[in-house]
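Can you build the whole structure from these sequences, using the hints too?
Listed in order, the protein sequences are those of chains A and B.
Note that the working numbering has the first sequence beginning at 1, numbered continuously upward.
Note that the working numbering has the second sequence beginning at 1, numbered continuously upward.
Read the hints as simulated data drawn from the structure, not as lab findings.
Note that the Cβ used here is the ideal one computed from N, Cα and C, for glycine as well.
It is possible that part of the hints are untrue.
As the list claims (entries may be wrong) - So the derived list for chain A, only partly shown, Cβ under 7 Å to chain B, looks like this:
id, residue
1, Ser93
2, Thr183
3, Ala274
4, Pro308
5, Gly309
6, Glu424
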Amino acid sequence: MPFIPHTESETAAMLEAIGIDGIEALFDEIPAGLRVPDIAAVPPGLSEMATARLLAERAAANGAPLCFIGAGAYEHHIPAAVWEIATRGEFYSAYTPYQAEASQGTLQLLYEYQTMMVGLTGLDVSNASLYDGASALAEAVLMAVRANRKSHSKRVLIPRTVNPVYRRVVQAIVSNQGIVVETLDFDPRSGALDPAALPADPGDFAALVVPQPNFFGVLEDVDRLTDWTHGHGALVIAVVNPTALALLKPPGAWGTQGADIACGEGQPLGVPLASGGPYFGFMCCKSEHVRQMPGRIIGRTVDLDGKPGFALTLQAREQHIRRSKATSNICTNQGLLVTAATIYMSLLGAEGLRRVASTSHANTRRLRDALCAIEGVAPVFTRPFFHEVVLRLDADVDRALERLADAGILGGYSLKREYPELGECLLVCATETKTPEDLRRYADACGRALARA
Amino acid sequence: MTLIFERSAPARRAALQAPAEDAAAVADIPAALLRAGAPLLPEVSELQVVRHYTRLSQKNFSIDTHFYPLGSCTMKYNPRACNTLASLPDFLRRHPLAPERYSQGFLACMYELQEMLKEVTGMRAVSLTPMAGSQGEFAGVAMIRAYHTARGDHARDEILVPDAAHGTNPATAVMCGYKAREIPTNAEGDVDLDALRAAVGPRTAGLMLTNPSTLGVFERRIEEIAAIVHAAGGLLYYDGANLNAILGKVRPGDMGFDVIHLNLHKTFSTPHGGGGPGAGPVGVGEKLKPFLPVPMVGKTGDGYHWITEKDCPQSIGRLSAFAGNAGILLRAYIYARLLGREGMRRVAEYATLNANYMAVRLRERGFELAFPRRRATHEFIVTLRREAKTLHVSAMDFAKRLLDYGFHAPTTYFPLLVPECLLIEPTETEDKATLDAFIDVLSDIRAEAEATPDTVTGAPYTLPVRRLDDVRAARELDLAWKPAAAPP
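Set out below in structure tokens:
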């Protein structure tokens with residue numbers, strides 16, 4: 001029987017021990033009228049070989065286009081060792097380290113992960129992960145409203161330069177708690193918030209979300225935005241790309257006091273694109289806010305003999321202890337992905353991660369230059385960017401993308417639906433995985449696509 | 001215990017893993033936006049990394065290495081084929097925003113998974129997007145809220161939750177803007193119907209229920225419960241934590257539930273990964289269909305497409321940046337195809353057989369079952385209150401001593417209603433010899449507790465560390481390593 005080891009004689013012995021004639025008797029407390037005779041819409045089981053063939057056909061049916069889409073998920077080279085180690089059964093098939101003595105491997109790894117995220121963000125503490133970047137931002141918004149002792153406001157400001165899906169997820173998750181999300185518009189020339197255009201008297205608010213880079217790839221004036229926010233008694237929530245943090249000023253160093261919370265999508269750190277998940281959300285904060293942070297946190301302590309070891313800590317924040325008074329309902333998080341990310345960051349180190357970031361950036365710039373050499377393609381925003389850039393076409397952007405897809409190229413993310421005021425605009429990204437030939441292939445196909453438009 | 005940072009040496013690198021230096025790469029980014037110094041990451045070789053994390057892995061208990069009867073968590077074997085096939089390169093490289101024409105293989109799998117989950121739960125529609133059980137719960141309660149709001153029924157501000165429920169239930173109710181109100185359980189482990197009748201009313205938005213409950217028994221009067229809640233205008237929420245016990249035998253939709261979530265990392269055997277990822281799809285009856293979270297997958301002719309906000313204007317919206325934990329959904333799909341309909345029914349049968357066998361054998365050895373007159377489901381509760389009182393050896397001591405004998409501990413001190421409890425869930429993938437060995441060891445530990453209680457209260461002895469000082473961990477917070485200060 002698939003994955004069931006019982007022989008007939010063992011089953012018989014077990015039934016006899018229980019004192020029943022057959023397995024069906026085990027379900028005798030379920031009202032007879034509720035029993036379902038069959039689950040006919042589930043197909044019969046397949047052998048492993050037949051399943052492998054089916055899945056190989058399905059995978060092939062996706063095709064293997066050359067992809068220049070970023071928009072929140074980035075293709076990077078993943079060293080072979082990352083998933084070789086992460087899928088070892090001892091990591092893959094363990095659970096939340098409730099029994100600390102039997103989970104020191106996972107616990108130490110998570111402590112090392114927390115240390116790495118503290119290093120990247122320049123903040124004091126990290127949790128052990130949330131679900132993904134979007135839900136991490138929603139948790140950060142809830143956390144900021146709880147943590148802000150200067151303001152009891154439930155108003156949070158989010159610029160339109162934050163990933164539009166993230167904004168929608170925040171809305172879906174926080175609105176039931178009476179939190180009001182207000183959007184701030186961006187400067188159409190620079191593609192970023194204009195600190196000079198922020199209101200002198202914004203009214204009481206709990207926090208401002210500051211993306212770096214923002215959804216357009218544009219780098220925000222994080223220092224001035226941070227100081228403006230703190231000047232009004234509100235907290236700063238940074239939404240950051242972890243690869244970029246190898247290069248860019250960390251949230252902990254923004255402005256005169258630093259951001260209060262940093263969160264984002266951990267996928268670029270060794271997690272494959274894989275249709276959007278599983279990824280992981282990360283969250284770091286200043287130590288004064290640690291008791292308001294959601295999710296698991298690992299601490300170093302000592303055992304009965306004084307030997308160092310690791311354990312889940314600050315569990316009084318969590319649902320399994322606090323129930324209705326918990327900081328969040330989160331229970332399971334994304335441990336396996338954090339395992340991969342920790343191995344990835346160890347293999348790359350600060351210098352390797354910096355090179356991934358800078359090469360991705362240089363590649364995107366080369367792609368921008370190659371595309372902007374084509375008549376009818378132009379850059380849009382004036383501020384500096386990181387590894388993703390907005391281009392404007394003289395033609396219908398969705399039709400151009402269709403033509404590129406005909407040529408096996410995913411040419412980027414159309415901004416038309418979310419930002420109609422920008423016109424025919426495209427968000428493109430070329431990470432370190434793209435070769436000069438790949439860039440040329442895109443530019444050639446783009447030239448042809450626009451010529452036919 | 002050496003940290004990866006302590007293996008670091010300046011300028012040592014795994015050079016092949018990153019691209020070559022490109023000096024002018026970031027010349028266009030102003031210095032004010034760049035970081036001043038390098039972040040603290042280890043500088044180590046590839047072999048150092050591989051050896052360090054391989055050795056760390058060996059400090060873990062896991063399903064692949066140990067019996068792991070962690071009640072309510074369904075720690076069953078995670079078939080290797082699910083991981084291998086979900087990791088085919090064309091699945092891994094698919095960008096989540098790839099157009100539908102480059103997504104048909106993936107979308108076909110997701111559509112068929114939705115259909116299979118509808119069938120096994122008896123619900124009318126399924127959304128796969130919630131990323132864990134707690135997000136599934138959030139989605140479910142948010143839909144209940146959206147339903148009442150859409151009807152102009154704004155007075156309902158309470159979610160009823162049995163006192164035996166998982167902590168996520170009341171926490172979720174609060175996240176959705178509700179008050180959580182507890183309903184007591186009677187001595188036989190069923191919801192106290194009189195208390196329920198007294199609690200329901202015009203303020204009742206819904207009842208969250210796990211069936212079988214966390215007490216390891218089937219809620220026999222589920223149809224009456226459904227009738228009481230529905231008569232009061234509330235909706236019934238099914239927490240799918242224990243679906244493994246009834247897969248293919250009885251369906252939440254037939255019991256009267258309006259909305260459910262499943263834990264695919266439990267019932268559909270996707271990996272627990274040292275604490276996730278999970279996947280918590282939601283299923284609904286007709287009333288809640290308009291409110292399902294997006295995206296979902298639809299089918300027209302031979303083609304598959306995304307169903308989005310445009311198609312579902314009343315949707316509670318999006319809960320993830322893309323489409324949930326896609327790779328986990330794919331693993332669950334593969335597992336479902338391997339098992340098929342007969343295999344699914346056998347899951348519930350043998351999970352229940354194993355639990356009842358263990359319960360009977362442990363009772364024969366003199367252990368006290370929390371609900372001895374009830375049939376066990378896929379899990380059951382032993383209470384060690386007698387041992388705690390007479391021998392001064394607690395359930396936690398038993399749990400720690402089990403580790404020395406090579407067994408992961410059952411869930412301890414949950415549910416909160418039963419004193420000194422072990423919640424034991426063997427799952428269907430364990431063989432009789434393993435169950436017998438566990439039963440013998442639990443008896444041996446009780447003998448130790450009688451003869452030399454200190455042996456048990458001081459356990460474990462054979463693991464990388466002995467019991468850890470949790471109080472110190474919380475009081476003297478050490479949450480990240482810091483390099484030793486340079487000598488002055």
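Quick rundown of the hints versus the structure:
1. Ser93: holds, 4 Å
2. Thr183: violated, 16 Å
3. Ala274: holds, 5 Å
4. Pro308: holds, 5 Å
5. Gly309: Check passed: Cβ of Gly309(A) comes within 4 Å of chain B, closer than 7 Å.
6. Glu424: violated, 17 Å
In the structure shown, a violation is registered for the earlier hints numbered 2, 6, in ascending order.
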